[in-house]
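Participant: The chain contents come next:
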Amino acid sequence: MKKMITMKASLTASTLALLVALAGCQSTAPKTAAPAADDRSKHQADHGASAGHRAAFIEDFDKDADGKVTRAEFDLGRAAKLKAMDANGNGLVDENEYLDHFAQDLEKRISSERKDQVEQSVVRFKSIDTNNDGKMTWDEYWASGQKTFKHFAKSADGVVTLKAKDKEWDAAPGNNQQQGAGVTPAAPIRSSVLRMPSSHSLEGFIDINDLNGDQQVTAEEFKQVRRDIFDSTDTNKDGWVNPEEYTLEFTNRLDRQAKQVRTAQMKQAKVRYDILNGNKDEGISLEEFGVSGSRIFAGWDLNDDGVVTNDDPLPKVKSYAEAKKISR
Amino acid sequence: MTSKRWILFSGLLLALILANAAKALELAGLPLVVKADSTNQAKFEQALKPRVEQLERVAQQLEQLNRDGKLTAPSVELLELLTLCEQWQNQLHNAFSCRLGALQKDWQAAEINGELLDRAALRQKARNHLKLQWRADKTEVHLSNEAQKEGLQLNLHGLWHGWVLDQLATEAKRISAQQKLALDNISFRYGDLLLLNKTDLHSVVIEGLSPLQLTLDKQALVVLDRQKNLRKVGHYWLSRKLVSKEGWPVEFAPSLLVRASSAVQAGVMAQALITMPISAALEQADKVTGVEALAITETGMFFASQEWYSAQLANGTSPWKPEQRFQIEYEIPALDVAEYRRPYLAIWITDSEGKSIRQLQVLGDSSRWLRELRSWWRKIGRADDSLIGCFSWRHA
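For the protein sequence lines, the chains are A and B, in the order given.
The first sequence begins at 1 in our numbering and counts up by one.
The second sequence begins at 329 in our numbering and counts up by one.
Just so you know, these hints were derived from the structure itself, not from any lab.
Where is the CB? At the ideal position from N, CA and C, for every residue including glycine.
Be aware that a few hints might be false.
What the hints assert, rightly or not - Using C-beta positions, here's what the derived DEER-type ranges look like:
(1) A:ARG195 x B:GLN652: 46 to 56 Å
(2) A:SER127 x B:VAL361: 55 to 65 Å
(3) B:LEU537 x A:GLU287: 31 to 41 Å
(4) B:ASP446 x A:GLN215: 38 to 48 Å
(5) A:ALA87 x B:ASN441: 44 to 54 Å
(6) B:GLU354 x A:ASP274: 42 to 52 Å
(7) A:SER201 x B:GLU635: 44 to 54 Å
(8) B:GLN461 x A:ARG256: 28 to 38 Å
(9) B:LEU537 x A:ALA143: 46 to 56 Å
(10) B:ARG559 x A:ARG195: 25 to 35 Å
To be verified - One-sided and incomplete, this derived list gives chain B residues near chain A with beta-carbon spacing under 10 Å:
(11) ALA448
(12) LYS560
(13) GLY562
(14) ASP614
(15) ARG702
(16) TRP704
(17) TRP705
Kindly produce the complete structure, drawing on both the sequences and the hints.
Facilitator: Set out below in structure tokens:
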């Protein structure tokens, strides 16, 4: 597969390096390490720290894109962040400056993720519409649902329950530190900001389909929810769902979720500001920001080598239920 | 002369100066700038005034229609504008719409009270409004009962500005013939729009960038500066431009320049193109004869429709020389795996210190997987989501 790019440039080749990045299918397995119960990671643990949260930390501060964050990189990134927040350039970040900056960053992440998820809904429609006629019938929708239900309903009574979730949580890459033999986990990716409930996970499946709130989903319950969703998605009531109806239903859910995320995240940001500011009037100084930064860096660098990588042990989160409670 | 008389005289002089300043052309609350040869400037301004006053009455009629939901004895001009609204909305498949007035007002209120609007509710409202109808004939314009009930407000934004300039250009031609005034150097500016009746090198200033030198050959130009089109709602900075089918501000809006052979075309196309992802906008610009567009992303990357640079090249203003042409050949390795998907790929040029100088190619359109191109994502991609999907377009 060869491609040619013809272009004109005013630069001489001798001064340039041409870079090609190719997303490969292979990834290197991160080394595993023993869990470290460490009070200094309380900040991370309190926020449901996972490999995804750490991936976000690395992505934000890894200036040279080598997959790790040195203390020098972190300090530079932190100082740049403070400068970016300090809109009036007085060396202090007041509450509005802090929240404005956070909101801007949050909205970018929401928009970016939202765009991907809306596009993904088009792909999902096509996979459900098995005869590719552009119409999703109830039979097609139900057939797809049954596959999902069977995947999760492993117990003999045919009920999908969260009981096994703690074990699954502990076993999931990134949530514990012990990988199964011969398993090569994918490199952790940044945690989703929207955290859209999805039938791809047991947790999401129950969130969507648990009609009576008993933390489990029976076959009858599932069919009822499935039918309700199908009927409400078919807004023109012609008996089938077209791609626009399907995407609209999903987008509305996505936007309701985004609204909740905005409210919750801005509330948390305000709490963080108050802590950083120590209830003073003048705003956060570089020194205060630095002290807080030191705590954050130390909370991720749990093997104490001065560098945060995917090889560091993760802060201990006691259980799935606790993590979920924290993340809400 | 006594001191009292001096004061009186000075006061009269000041009043005279202020009165003259107030005579500068204005239409619907916006300055309207007409420039011509210095010898003809004042004559044109004076001769155009009656037409500007007529257009002011059209603006007032539109205001009345929005206020009362109906209007008797509409002007020919208003009827023409309403027809154009429908035509452009159809032609651009709702990417342009005159039916966004109520939604714009919602956002103006949000700007004041600092609360973001509910996106799902707004989408429903926007989609309803796109379908609302009016009846228009020589005797009356009447918003349908449903349109009145739903609070439809017409906002002609880019169409209005462009149409006004085209009207004035036509009027200027008539005046030129009638009064034997040279028309060669006349230009008009109204809102974001510039209309030139000559071939000229025009300098465009976009905040944070070096001025761009553009050749305009009796064309209209719209400049939508990203920074100047932001509004603050609570802690959020959002674009003032709304997506017609969503009622939500355009996300990752670039700065956008649109050049077209008529001002209406430039005004309408700019309003529509700014609401699309850059790649779709440039594709759309290429479909419409006489329209060219340049998008400049938040991080200062330029993407242009196919003909955007051609005028500049023809005029010898291109920074590139033929001998600086080079070719890059790359090969994507074929992987012998059961499930093969097209890989994500990025190619860019850096200086000897690793600083990105030129982006050449990015394959793949999901930020989820582009993120896996860690080096590219860290250095380029993550700062600017609007880049995704753009690199098949000419950029500089």
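Participant: Provide an ascending list of the numbers of those earlier hints which the structure does not satisfy.
Facilitator: When the structure is compared with the hints, numbers 4, 5, 14 turn out to be violated.
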